Every structure is written in structure tokens, then in C-alpha cells.
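From first to last, the protein sequence lines stand for chains A and B. Numbering (our numbering) for the first sequence: 63 to 226. Numbering (our numbering) for the second sequence: 547 to 1065.
Quick caveat, the hints were computed from the structure, so don't treat them as lab data. Just so we're clear, the structure is a prediction, and the values are computed from it rather than from any experiment. Mixed in with the good hints there might be a few duds.
What the hints assert, rightly or not - Have a look at the derived ranges for each label pair, beta carbon to beta carbon:
1) 223(A) with 552(B): 53 to 63 Å
2) 129(A) with 648(B): 18 to 28 Å
3) 151(A) with 898(B): 29 to 39 Å
4) 562(B) with 158(A): 40 to 50 Å
5) 223(A) with 562(B): 47 to 57 Å
6) 676(B) with 212(A): 44 to 54 Å
7) 126(A) with 677(B): 32 to 42 Å
C-beta: ideal position from N, C-alpha, C; glycine also.
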Amino acid sequence: MSTRKVCVIGDFGVGKTSTVARVVHNVFSEKYLTTVGVKIDTYVHAPADAPAQKLVIWDIAGADRFGSAEMNYLRGAHGYVVVIDGTRPDTVAAAQQLLADAARRYGEVPFVTLVNKNDLTAEWQLSDDELDALSGSGHAVFKTSALSGSGVADALAHLCERMR
Amino acid sequence: MGPMNLPSVVKRYLLRRMSEQQAPIVVEVGLDACIVSVTGDQGGLPAHQAGDNVFDVWPFLIGQDLVSMFALPMVNLSDDQVFHIHGVPDDDRSYLVFLPAHDERDYRLELQQKANEVRLLSHRQQRLVEQLSAAKADLESREKDLLRANNIKARFIAGMSHEFRTPLASILGYAELIELASESLHDASDEVATHVQSISRAGRHLLSMVDNILDQARLEDDQLVLQEKPVSLRGLVDDMSAIVAPLAAARFLAYASFVDPDVPDVVMIDATRLRQVLLNLLGNAIKFTEHGSVSLEVGCAGDELVLAVSDTGLGIAPSDRAHIFDAFARGQADEHVGGVGLGLNITKRLCDLMNGRIELASAVGEGSTFTVSLPLAVAAKPESPPATPRARPIGDADVRILVAEDDPDIIDLVQIILAGAGYRVDVAMNGQDAVDMCGQTKPDLVLMDVNMPILNGLEAATAMRQRGLTVPIIALSASLGLADRDDALRAGYDAYLLKPIARTDLLASIARHLEGVPS
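Same shape as in the complex, but just chain A:
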């Protein structure tokens, strides 16, 4: 079974840790808990029609720019999960900045973009046009909810496919 390093990146509070918790432990907590440094988890993605992959997930503390420590975390990553908060439009720019910083240092790496908190419809701020623009700029966009888990597995499967 091949092993892949996947870094989860995005601004603070967008739901990176919640998304990982949903994938790895199938749990969700309403309480916001910040991440200091990086959290390591592993997850085996085993589709029915393709060989399983072991993912070593680096859940990196949220920021709108990478410092030198965070840059070190990205070294050798096979893929990125980029997380955006659908209720905070400014997290789109943060995600694009992080991707650009990472590409400058480590070159192009496969990634998927999760537009999270899809369950908060009343507070949703991103229009379909904005999401289409994101797709148009090369993002594989998935609307997700760490609360319900919707969209998360599809996004991860897409990334795994791209990392093969």
C-alpha cells in the first residue's frame, strides 16, 4: 500500500481539524479548538475499484500566510487539501495566497478545495458565480460540511485519484 503525505491548509477557523476528525474518526464537535503547530493523523483510503492508499494527514495550524515553520511542514507533501469557509469570503484569498506560497517553494502539487460549512445556509456568503470562478482558476471545488460529512469523502477520493 502506497503512503501519501497530505497537508491540510487554510485560514484559521475554516474547519480543517473538524474535516480531518470527520474523515479519520467520523466525529464532529461544535466547539472551536485551535491547532498549535501541526497535528498528524493517518487514514487509509480504500476504494472498491483501486488500490488502497495510506494517507499521512498533516493538519497545519490555520493562517492566511505561511511562516518558515509552516513552510517546513509542507516539504515532501504529495497533495494538499485546501479548506475555505463558505461563510467568510476573505478565506478564499487566504487559500489562494497559501497555495501560491507553497507553489513558489515546492512547485505544483495536486490539491482539492473544500468550501466548508455548507450546512450554515443562513450565513453562507459565497455565490455560485464566485465558486465557478474558483473552479475556472484550476480548483477542484467541493462544497463540504464537516458537521454532516457531506462532500468530504468525495473530495478526498478526488485528491487520492490525482495523487496516484
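Using the hints, position chain B against chain A.
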């Protein structure tokens, strides 16, 4: 002193202190990426032994170049396993240095948690402010729309009221003529007389509803302005009684009015509006009382004038009392009587406008008392206008009256009334004809509508005055706004009569002006 220049004894001391405090775990790794040895307290690390591949034991190292120096701060392998991890290459091996960072993580977690929560709250606060601003802008826009709609409604109602008044003037006027003819000729059956009275009653009821709707619109639009003048309260109560007593008698109710001797003879008040308030209350009292009596009592309480209208009627249910002064409110007792539910709303608004208040005391089955309290302003008795000599005899066939009016029914009606009173009548159907005919017929008085084709009444009156006409010009109009009246008086009219007008009132006004005693 730079660190490189530290005395060796100090360097050794610091190294020992750091090693004791940091409790590092050092993993020696061969070039084949297999563990050679481990030193330090390994309790915090996953199980491993010499010869294991480091990428199997610690998969998170995948991607790291072990022959290069690296530093991975604050790596959370689990809640309890938190390390700063450093890669330190040597010639033929590498060292992985794990520095426990659990306590530091907890300390930073607390700070970072608070900082991030503040930022998230700040973001939510900003969102709320934006939403509030948007909601405020939306409300302001809606308020403007509502004001616009309300203005349109007020204009519509004013226009509608005007349009209703002209046909109502015909209905009431002709009904009055038929009544008069029946009485004088004694040739009409009782049945016809009853039918005509029904037409008159229905017409007056319709007129009062039109007036109420217009008043309500003007009150809502703050267009209604009080006209306070010295008024004899006793005279006003007598007038009320003259109107109300027959209505009460027709329903076999006793009616009584009482004015306390302490009440001043003359007060400053808008008599029209006070009369409207009392007529509404007395009219309601009669309407909702089956047996017993209706009364009007006027007294003083401190610096207030207190007017109480009482009845022995059905009373008002507690559930209806809270909304009784609301517009279009209809209580349980209203189901069997007519009206649109504006009377008490207008009454309350008029009391408010007069800086007063209205209160209700009621018991179901026993009756109700509406008490109006108004600021008491005593006034001096108005001086009577000096009597002027009679200019021309009333009803003299030599007296020519020019009637300018574009509605054929009103023309016929006025012609019949004036001719019946003995006047000689000339008719013009627009303002221009009226101006022209003034020069030819030399009228003694002009009775002229305001809204007319070609030249309207205002333009015609101005032209007549410019041509030297000095005789009285009386407006007979369906527009009941104060501005309409003021405009007419400025344009050269001497008086402004409102359609519909009773035959006797019209003739009295004409007579007064012919005698040189304006109303």
C-alpha cells in the same frame, strides 16, 4: 559577548541544563533509514526498536530528506505526544532529535485559542454590523416606499372624495326639492315621501362616510390643521342638541344635555372639529342604544374642559375596548349596524390634535361613557360684525345671479333652487363663458364652481376682478381642502361653499352676500 565566545565551562553548563530541562530523545538513523540506537526517555514515542525503518515507525517523516538539516516545530503525534523534531545529519548517519513540547503547546494553545476566538467574534460582529446596516437601508427604503404609497393613497382618497361630492350634491339636492314639492303640493303619497326621506338619509350617510374617509386620510398625512376661534360652548351644545335630539327621538330614546355653570361662556377652540367629535360620539351612542337615554354633559376639571357622552346601550365588551379607537376596527356590536369603522379613530385623532384625550368607561349591558378632556382656553366674546344696510331685496326678480358650473345636474338643481327663490338666473358652463357673461348680464352675484374646463374658477374669478367686477363671487365646490378654500379667497372669491349644500344654507348665504353681510 556572542554565543561562540562563551567560555567552554559555560557552554558545558548550558548544554547540561538544556538536556535536563528539554529531556531530548535522540534517534540515530543509518544511511539505510533504519534505527541504529535511541537515547533518552522513549516513553513518549511509538514502539520501535533498532533496525526498524524510521518511515515505517514514524510515517510522518515521509517526504523529509534525512541527510539535510530540518526543524519541525510543535508536531502533535497525539494529544500527549507533542515534539519539536529536528533532523541533524552527520557524515554517515543522521540524528532525529525529539524535544518534548507538551507544556509549551498547552501554553500556546491557550493564547492562540483566545486570539482566534476574538478574531472570529470580531468577524461575526462585523457581519452583524453589515447586516444591520443593510437592514437599516432596506427599512429606510421601505419607509420611503410606504410614504410614497401613503401619499398616493391620500391623494386618491382626496380625489375620490371630490368625485363623490358632486353626484351626492345632486342626489341630496334633488331629494330635498322633491320633499319640498311634496310638502307644498300635498300631492305625494306617504309612500313617496318615505322613499324620498330614505334617499336623503342614505345620501347623508354616504356623505358622512366620504367625509370620514377623507378626514382619516388627512389626519394620517398631518394635513388637518386646527382653526381655533372664540366659540360659545353653550351655543355649540345647543346646536348639537338640535341635531341629535330628533335622531334620539326617532329611536324612542331620551336625550339630555347639561352645561355646568362653571363652564366659561366663550372658549378658544376649533368649533368644527369639536362638533365633529361630539357628533361622532352622540351618533354612536344613539346607534348602539336600544332603550333608555343618551346624554351630553360639559364641565370643567382644573384647567381642562370635560365633555362626557353617556348612553344606556349595549356597552362595549372588554375584548373590543383595546382596539376600539383603531381605524377600521369593528366590534361585536357593530355587526348589525353600518359604517366603516373610522368614526372613533377620527375622534381620537382629533382629540390628540387638540392636545386632549378621550377615555372610555363601559359595562356590558349597562352602557358606555366616552369622556373627552381638552385644554381649557377662555376667550373674550367675539364682536358682532356691524350690520350693513341691505343692498338688494332677497328673492327679487331684478336680482341676477350668474351660475357657472360644468355639471348639468348641478346646474339644473341650482337653477331650480334660485329660480324658486325668485332670482333671475344666467348659466355659464365654463370659466371663460362666465367671464364673458359678466360683462353682458351685469350679475348681482356670481355662484361659481372651481373645477371647470377652459378657465377654472380661480382663473375666472381673477379675470372678473381684473375687469372691475365688485359683486360677491361665491364658490360652490366639491374640494374640501383648506388650501382649496384659501386659493379661492385669494383669487377673488368672497365665500367658499362645499357641495353638497342644503337648499336653505345656499339661499341664506346668497342672501347674506346680497345684503352685504358676508358669512
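Tested hints:
1. 223(A) with 552(B): 53 to 63 Å: At roughly 55 Å between Cβ atoms, residue 552(B) and residue 223(A) fall inside 53 to 63 Å, so the hint holds.
2. 129(A) with 648(B): 18 to 28 Å: 22 Å, holds
3. 151(A) with 898(B): 29 to 39 Å: 50 Å, violated
4. 562(B) with 158(A): 40 to 50 Å: 48 Å, holds
5. 223(A) with 562(B): 47 to 57 Å: Distance hint for residue 223(A), residue 562(B) holds at roughly 53 Å.
6. 676(B) with 212(A): 44 to 54 Å: 28 Å, violated
7. 126(A) with 677(B): 32 to 42 Å: 24 Å, violated
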